[in-house]
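Engineer: What follows is each chain in one-letter form.
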Amino acid sequence: MNGSMEFLLWTKGPMFDIALIVFALGLMARLAEIFLLGRAPNYAAPRGKEWHRGLRTLFTRNFPDPGTFQRAPFNVLVGWIWHLGFLVILLFFVPHVELAKGVLGIGWPTLPNPVIDLITGVTLVALIATLVHRLTHPVKRRISTSEDYLVWTLVFLVVLTGYLAYHRLVEPYPLVLGMHILSAELFLIALPFTKLTHIFTAFIARWYNGATFGRKGVQS
Amino acid sequence: MAAPTTLGENLRAQGVSRRGFLKLCAATASMLALPPSMVPRIAHALEATRRPSVIWLSFQECTGCTESLTRSQAPTLDELILDLISLDYHHTLQAAAGEAAELARHQAMEANPGQYLVIVDGSIPGPDANPGFSTIAGHSNYDILMETVANAAAVIAVGSCAAFGGLPAADPNPTGARSVMDLVADKPVVNISGCPPIPMVITGVLVHFLTFGRLPELDEYRRPMAFYGQSIHDRCYRRPFYDRGLFANTFEDEGARKGWCLFRLGCKGPTTYNACATAHWNAGTSWPIQSGHPCLGCSEPSFWDGGGFYEPLSVPTTATATTLLAAAAAGAVVGGATTARAKKQTRNLVAERQPVTVEELEKKL
Numbered sequence: 003m004n005g006s007m008e009f010l011l012w013t014k015g016p017m018f019d020i021a022l023i024v025f026a027l028g029l030m031a032r033l034a035e036i037f038l039l040g041r042a043p044n045y046a047a048p049r050g051k052e053w054h055r056g057l058r059t060l061f062t063r064n065f066p067d068p069g070t071f072q073r074a075p076f077n078v079l080v081g082w083i084w085h086l087g088f089l090v091i092l093l094f095f096v097p098h099v100e101l102a103k104g105v106l107g108i109g110w111p112t113l114p115n116p117v118i119d120l121i122t123g124v125t126l127v128a129l130i131a132t133l134v135h136r137l138t139h140p141v142k143r144r145i146s147t148s149e150d151y152l153v154w155t156l157v158f159l160v161v162l163t164g165y166l167a168y169h170r171l172v173e174p175y176p177l178v179l180g181m182h183i184l185s186a187e188l189f190l191i192a193l194p195f196t197k198l199t200h201i202f203t204a205f206i207a208r209w210y211n212g213a214t215f216g217r218k219g220v221q222s
Numbered sequence: 074m075a076a077p078t079t080l081g082e083n084l085r086a087q088g089v090s091r092r093g094f095l096k097l098c099a100a101t102a103s104m105l106a107l108p109p110s111m112v113p114r115i116a117h118a119l120e121a122t123r124r125p126s127v128i129w130l131s132f133q134e135c136t137g138c139t140e141s142l143t144r145s146q147a148p149t150l151d152e153l154i155l156d157l158i159s160l161d162y163h164h165t166l167q168a169a170a171g172e173a174a175e176l177a178r179h180q181a182m183e184a185n186p187g188q189y190l191v192i193v194d195g196s197i198p199g200p201d202a203n204p205g206f207s208t209i210a211g212h213s214n215y216d217i218l219m220e221t222v223a224n225a226a227a228v229i230a231v232g233s234c235a236a237f238g239g240l241p242a243a244d245p246n247p248t249g250a251r252s253v254m255d256l257v258a259d260k261p262v263v264n265i266s267g268c269p270p271i272p273m274v275i276t277g278v279l280v281h282f283l284t285f286g287r288l289p290e291l292d293e294y295r296r297p298m299a300f301y302g303q304s305i306h307d308r309c310y311r312r313p314f315y316d317r318g319l320f321a322n323t324f325e326d327e328g329a330r331k332g333w334c335l336f337r338l339g340c341k342g343p344t345t346y347n348a349c350a351t352a353h354w355n356a357g358t359s360w361p362i363q364s365g366h367p368c369l370g371c372s373e374p375s376f377w378d379g380g381g382f383y384e385p386l387s388v389p390t391t392a393t394a395t396t397l398l399a400a401a402a403a404g405a406v407v408g409g410a411t412t413a414r415a416k417k418q419t420r421n422l423v424a425e426r427q428p429v430t431v432e433e434l435e436k437k438l
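Protein chains in written order, with this note's numbering: chain F, 3 to 222; chain C, 74 to 438.
What the hints contain is simulated information worked out from the structure, not anything from laboratory work. Honestly, I wouldn't trust all of these hints.
[Unchecked claim] Derived CB-CB ranges, DEER-like: (1) C:A410 / F:W12: 55 to 63 Å; (2) C:S364 / F:I201: 40 to 48 Å; (3) F:G123 / C:Q87: 40 to 48 Å; (4) C:D201 / F:W12: 20 to 28 Å; (5) C:G332 / F:L39: 53 to 61 Å; (6) C:A415 / F:F202: 18 to 26 Å; (7) C:A415 / F:I201: 21 to 29 Å; (8) F:P116 / C:T165: 47 to 55 Å; (9) F:N77 / C:S364: 40 to 48 Å; (10) C:A394 / F:N4: 29 to 37 Å; (11) C:Y383 / F:I201: 27 to 35 Å; (12) F:T155 / C:D201: 38 to 46 Å; (13) F:G123 / C:L166: 32 to 40 Å; (14) F:V78 / C:Y383: 40 to 48 Å.
Positions of the beta carbon are idealized from the N, C-alpha and C atoms, including for glycine.
Okay, chain F solo, but in the shape it has when bound:
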């Protein structure tokens, strides 16, 4: 008997365990490696403070400098829109908060469903725009690798199946909900081994950048 309900229960049961284990194990292995290898020792006398600069850069790098925006307004604007949309949907949709509460034991306030729905629509359009841009922009197309397209597909599938499930556009519903959960699981599995790791490493890199410059006493 292999119906839609069995599929849903598989994605909510054994497959979720596998995805969670691969994600946590892979990510921690990579992070531990990054932190334990550390940086080469700097024997020069420090001219400024590391921590202060490092932490400040964590925040300031969220915003591009004016030159970057003038050179690539699309990347900055659309990138911002879909990253923010993705985060808001992930963190503030009621079922997602319930999931966190169920697994981690901590919950937080949520946003009303119609707001999440609107943000999902915007995020989907923005994601499609990034793909079109990647395929049409001559430089971007040259430098894009298969990994870039794989990661785009994973992100897009998670949001698309979520939208389809919320609006119940695929029957039977357990099938589409299972597809959404499975997409999220594939995303989690791929996270430590693709450029998706930047979700965590971007902040480490920012800190190192800021701290290095801070030690030298120059602006970062």
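On the provided structure of chain F, position chain C as indicated by the hints.
Structural biologist: Here is chain C on its own, set in the frame of chain F:
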């Protein structure tokens, strides 16, 4: 035994008026989503047909399905089920006992070969399981089922145990319980799932079978589309609250008092297909969500193993924070070991490095 009378005659003998009979036909047509023009056809078919012989087999069950059926408020459609059919064998309801009871079953099978209906409630220990888990008159449930369905016209699995294995088949399934459709391969099987199922649905399927001579359109789980075609969520009167994001967070809060959506309290309505939201229970009085309780999803396969009844639908069934922490700890160990190896390699390379002078290089060139 089925008396050689037509169903119409039998209904009149039971005191059902013509008006009452036509009401049954109209209600059934509407339940099955048939056009009103079908009502005369249903009436004609039911009038003329002989009451079908029905053998009701109860296996690993709690009698809740029969209780639900027989305790429905009279006089309703539900009670008319017993007038529509000639119920020739039913443990709980029949007067006969022991050998006389088993004789009734065999007589019904011999008198109506290929024409009788078998209704099953309860799951069955499969052919590989110990047959001793459930026996009747010294015979295993599996043997009785196979013997009885061999010459049946169709099999109706009533209740989630017969349809999907239900509670007996829940993990770890100690009796090796199986559903009817798992075991009966060569006969049409209809599943009327639910714990218990809506009695009206049983009537609907029987009327459809008597009128058209075939079973109604079924979904992927062999459930009649007319009753299981839409989810509880889609027909729930609390759906507007879900759409607006208004939820009850506990059973005592303002949201619960105002009748808001029960998703956060574990409602399985979104994944559950049944007619509770429209048919209601207890002569149309109410239904679980109307009484303030989340839907358990009792008409779906594996509903006992599908996560806690009060866990929201989005919560994984087995994953815990411990899984996450253990995997993360293992990851840290792996990362540490990789780093240690890399550092050791570097140290070895440094130790074994053979310095080369410019003169030596020039000689080589």
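Engineer: Regarding F:N77 and C:S364, is the given constraint of 40 to 48 Å on their beta-carbon distance met?
Structural biologist: 54 Å, violated
Engineer: So the hint says 27 to 35 Å: do the beta-carbon atoms of C:Y383 and F:I201 match that?
Structural biologist: Given range 27 to 35 Å: holds, Cβ gap about 32 Å.
Engineer: Between the beta carbons of C:S364 and F:I201, is the distance compatible with 40 to 48 Å?
Structural biologist: For F:I201 against C:S364, whose Cβ atoms are near 44 Å apart, the range 40 to 48 Å holds.
Engineer: That 40 to 48 Å hint for F:V78 and C:Y383 (C-beta), does it hold up?
Structural biologist: Because 45 Å falls inside the window, the suggested range holds.
Engineer: Looking only at beta-carbon atoms, does the pair C:A410, F:W12 fall within the given range of 55 to 63 Å?
Structural biologist: 33 Å, violated
Engineer: Looking only at beta-carbon atoms, does the pair C:A415, F:F202 fall within the given range of 18 to 26 Å?
Structural biologist: Because 20 Å falls inside the window, the suggested range holds.
Engineer: Does the Cβ distance between C:D201 and F:W12 fall inside 20 to 28 Å?
Structural biologist: 23 Å, holds
Engineer: Given a hinted range of 21 to 29 Å, is it respected by the beta-carbon distance of C:A415 and F:I201?
Structural biologist: Taking Cβ atoms as reference, C:A415 and F:I201 lie about 24 Å apart, which means the hint holds.
Engineer: Does the Cβ pair F:P116, C:T165 satisfy 47 to 55 Å?
Structural biologist: 50 Å, holds
Engineer: Please test the hint of 40 to 48 Å on the beta carbon pair from F:G123 and C:Q87.
Structural biologist: With Cβ atoms ~59 Å apart, the hint is violated.
Engineer: Holds or violated: 29 to 37 Å for the Cβ distance of C:A394 and F:N4?
Structural biologist: 31 Å, holds
Engineer: Just to be sure I understand the hint, the distance between the Cβ atoms of F:T155 and C:D201 should be within 38 to 46 Å; is that true here?
Structural biologist: 43 Å, holds
Violated hints, in rising order: 1, 3, 9, 13; the structure is consistent with all others.
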